[in-house]
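*Asks:* Residue-level listing of the chains:
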Amino acid sequence: MTTTGIAAAARPPAVEVHGVHKWFGGRRVLDGVSLTVAPGTVTVILGRSGSGKSTLLRVLNHLEKPEAGHVSIGGEPIGVRRQGNRLRELRESAILAQRSRIGFVFQNFNLFPHLTLLDNVAAAPVATGRLSRQQAQTLARELLTRVGLGDRTGAYPRQLSGGQQQRVAIARALALRPGVILFDEPTSALDPELVGEVLSVIRDLATGGTTLVIVTHEIGFAREVADEIVFLHEGRIVEQGPPARVLDRPEHPRTREFLSRVL
Amino acid sequence: MTESLLLSAPARPSGPPGPDGRVLPLRRPGRWAAGFVVLVLVSQAAHGLITNPFYQWARFAYWFARPVVLDGLLITLQVTAYSAVLGLAGGVLLALCRLSGSPVLRSVSWTYVWLFRSVPLIVVLLFLYNLGALYPTLGIGIPFGPAFLTFDESRLATDIVVAVAGLSLCEAAYAAEVVRAGVLSVDQGQHEAAAALGLPRRYRFARIVFPQALRSIVPSYVNQLIGLLKATSLVFYVSLLDLFGTVQNLAGTYPGDVVPLLLVATVWYVVLTSLVSVAQFYVERYYARGALRTVAPTPLQRARAGLRDLRIRFRKETAR
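Residue numbers (my numbering), protein chains in the order written: chain E, 2 to 264; chain V, 39 to 358.
Please note: incorrect hints may appear among the correct ones.
Cβ-to-Cβ under 8 Å is the rule here; a few derived chain E residues that face chain V [said to hold, decoys possible]:
| # | residue |
| --- | --- |
| 1 | N111 |
| 2 | L116 |
| 3 | R159 |
The hints are simulated quantities; they were obtained by calculation from the structure and are not laboratory data. The beta-carbon is built from N, C-alpha and C at its ideal position, and this holds for glycine as well.
The following block holds chain E by itself, in its conformation from the complex (with noise of 0.2 Å):
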């Protein structure tokens, strides 16, 4: 199954997300957004605090159902099936199957404080039965020490800097071997000084070619990796295009206050 999903994901778009409702109590967080990521590449959604962005993110891995549309990973429904021409929801067994293939990384890492490094990133693909313990640790030691944490492995969580807790997360997200992988501001609890250390691992998974959606406030990285650019306002896409027309040239009034406040 995994072969193939990998083979096929070559063709249809990495996600897809289909006209997504979504209301927190009577609040409209998101407001009809459909959008196409091709596979391999590097979407940054930015908009203020507030638009819609986290949630839209949160929707794509089903931590939030949309009461309307839905998200597609590599072709297949996220978190619902086709029955007819209707959707039904999926058992959640199913679900946690989906999402052991899509990485999420959290604003607060939400690194398991009472496990070790070690156990923290090997414990997914333990726990799915995709590894054994074995080897699980083998490749959770290859991964750590991939984001320069490799001389740390038994230490714990709290033991260590923010950023170096991130990189453990972007660690952890990789264990799955996911297909996407979603960042929720990554860098946004961290020091200006440990920033770096995190988009530099970023970085190199971009350029190793995994399809990354990112929802950051540094623009000046956006510019850098994204290859796609996606200004959310009051839960709608406003504007999407590459860096150089929508971070330079921007069309749309509220994508130009925005910008003029953040750069």
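Given chain E, work out where chain V should sit, using these hints.
*Replies:* Chain V alone, transformed into the frame defined by chain E:
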């Protein structure tokens, strides 16, 4: 270069305050006086405890490890152990029901906790003791339909079963709240991270959420456990001879030894509670892994460090 020159310049007013740079600690005569008074009072109390003939320490020594007392102690330990395990298991189950998405499970769990926290333990015990009269046989079968298996309750419900059942039923209600509080204390981000990694539900609870919840469950549950240990003295009323029951019985036979017998029970309960507290320290320390940057030293490590400090200080003082 200039820096070292400046530092070596002698007799600068901003130099170190004393000849060896040491700050002399503040003298605290009030603390010394208070300490002295308290020590006098404590030694007076200890002296009274030892010399007052009222306590009859010789009789205490006679009774302390009598086989009949140890039998009672064993019953106390058995009832406590079974009820603690069953109570915690029931508590986890009730807490999971309470936290589940099903309104039926939630309200049943809530009602159970409400009921068993409202009814005094002694009432529950006496109720169970007399249950045989209400339901002479128990059976397993189709609800409201025929039964396949039936038990004669008078044979099934021995005294110890009644005691353990009553204590476990009550204990589960309290344990449920302790466990629920523990699970709620785990950061929402942990649930989300586990969900985002696609970890199966059981794994998520058993390996991610529960171990973190235990950090706050352990101190409260040990509190519960110590309460339970002492609550077992109530099983005397369902004619089970635990430590307290035995002592009570013996006091009836030897009226002159009431005080030493009560002391025997007291000392045993203190010993058991102390053992539980020691176990608590190490269990808490185990579950603090990762939650603290450095784990607190064990008393043994602390004693060693203290001795080392003392030795160093002594050496310094003698070298002076």
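*Asks:* With reference to the structure, classify each hint as holding or not holding.
*Replies:* Structure-based check of each hint:
Nearest Cβ of chain V to the Cβ of E:N111: about 4 Å, under the 8 Å cut. The hint holds. Checking E:L116 against chain V: minimum C-beta separation of about 7 Å stays under 8 Å; hint holds. Taking 8 Å as the C-beta cut-off, the interface hint given for E:R159 holds, the closest approach to chain V being about 6 Å.
In the structure shown, no violation is registered for any of the earlier numbered hints.
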